[in-house]
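S.K.: Sequence:
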Amino acid sequence: MTTLAITDGRVLRPDLTVTAADVLIDQDSGEIREIGPDLASEADDTLDAANSLVTPGFVNGHCHVAMTLLRGYADDKPLETWLREDIWPAEGELTAADIRAGAELGLLELIKSGVTGFADMYFQVPEVAAAVETAGLRARLGHGIVTVGKDGETAREDAATGLEIAREYDGAADGRISTAFMPHSLTTVGSEYLTEFVPKAREAGVPIHYHANETADEVAPIVDEHGVRPLEYAADRGLLEPEDFVAHGVHVDETEIELLAEVGTGVIHCPASNMKLASGMAPVERLREAGVTVGLGTDGAASNNDLSMLDEARDAAMLGKLAADDASAVPAEAVVEMMTRGSADAIGFESGRLEVGAPADLAVIDLEQPHLTPPHDLVSHLAYAVAAADVRHTVCDGRVLMRDREVLTLEATAVRERALEAAEAVVERADA
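Residues in the sequence shown are numbered from 1364 upward in steps of one, following our numbering.
The hints are simulated quantities; they were obtained by calculation from the structure and are not laboratory data. Wrong hints could be hidden among the right ones.
Result set (DSS-like, lysine-lysine): computed pairs, CA atoms no more than 27 Å apart in a straight line [claimed, not checked]: (1) 1639 / 1684; (2) 1684 / 1440; (3) 1513 / 1440; (4) 1440 / 1639; (5) 1563 / 1513.
Please read these numbers as outputs of a predicted model, since none were measured by experiment.
Please put together the full structure from these sequences, using the hints given.
M.R.: Structure, rendered in structure tokens:
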């Protein structure tokens, strides 16, 4: 057994108390073996956490990681215009090599910001999976299925690809990769394809993930055509089970909130993207009060425009107060839980908590910064003041992915160079 000790730090416990302790990790099993004092002598290797906070690794519950190539390409437009005029045409020019380059850039950014796990919906999933295997992160991956605007044969092939990817890659990368069946949304995938393929996804034993109620324009067509709210429509077609999770949930009404709580489907809140695209303010406080599992996600870098879960936590806390018209709503403790255990629970990971037997997925935050002084309340600092650049070390599955700000699993300069070359070529083709 090979062991790693995180030494001399302050550890964020599952009850959100902070105690001085070391963390001993069994690197063979990828689990936390012990949390307590003076564990360095029992370890084969150590990571210094002096003057630092040891936290669960952050979990990005909804992302399109390869969209880093389109960061800053199209801004300041409403969702439908942004997608149809800019993003979808540019994505049509992406090659498999481009997606690999964009995925590696996104994974580099995630590691440097303390993220150890994420859920990702995109295409060319084998390229994303290969990047994840190299980078060392934990991921739930899926092929984003879109049938609108396609003939019947092409649409069915896209849905079949989504199912095939979910079956093939579940358990890849020594178990760090899991999968889901991922229809893009309830308005971009035809009802007939949901009827055919959702039962097959259930047979395959994979969860279902999709965008839901992101904008008011996504709600009205379903109400008009089917006479029910979108999540009622989803439930009628078998898309709302305890293992499933939806992205956004901005425009949900009380009936849908109660339905989510009853069935146990999680919601991934993406406040930065929702603000940037003026999609609206999700009723996070009400969702949490109802007992819905709520996690956090960045969405893609094209609508955020970064992949920092720490930025997302701050946005979630502040937007949640505005949405509820209550300064006590969505407090610091809530958003810290949302970006760790909440996201992990929603997307089906066992991580998001530092306790014996839990996966050794963690981040170490350097507290010796002017903006983190004085340390009156470290949970408050995590929610409101810590930045991605404050992350010293990132560990996933017991493996050190970043030590003292140096990423060990990806060559940062080469990743950036490949991504820059790919991004420039994609934009040139898209604008031709």
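S.K.: Take the hints in turn and mark each one as holding or not.
M.R.: Against the structure, the hints:
1. At most 27 Å may separate the alpha-carbon atoms for a hinted pair to count; residue 1639 and residue 1684 meet this at roughly 17 Å.
2. Distance hint between residue 1684 and residue 1440 is fulfilled; the C-alpha atoms sit about 25 Å from each other, no more than 27 Å.
3. Taking the CA atoms of residue 1513 and residue 1440, the gap is near 25 Å; set against the 27 Å cutoff, the hint holds.
4. Distance check on the hinted pair: residue 1440 and residue 1639 sit about 8 Å apart at the alpha-carbon level, within 27 Å; holds.
5. Among the hinted pairs, residue 1563 with residue 1513 is consistent with the structure: their alpha-carbon atoms are about 22 Å apart, no more than 27 Å.
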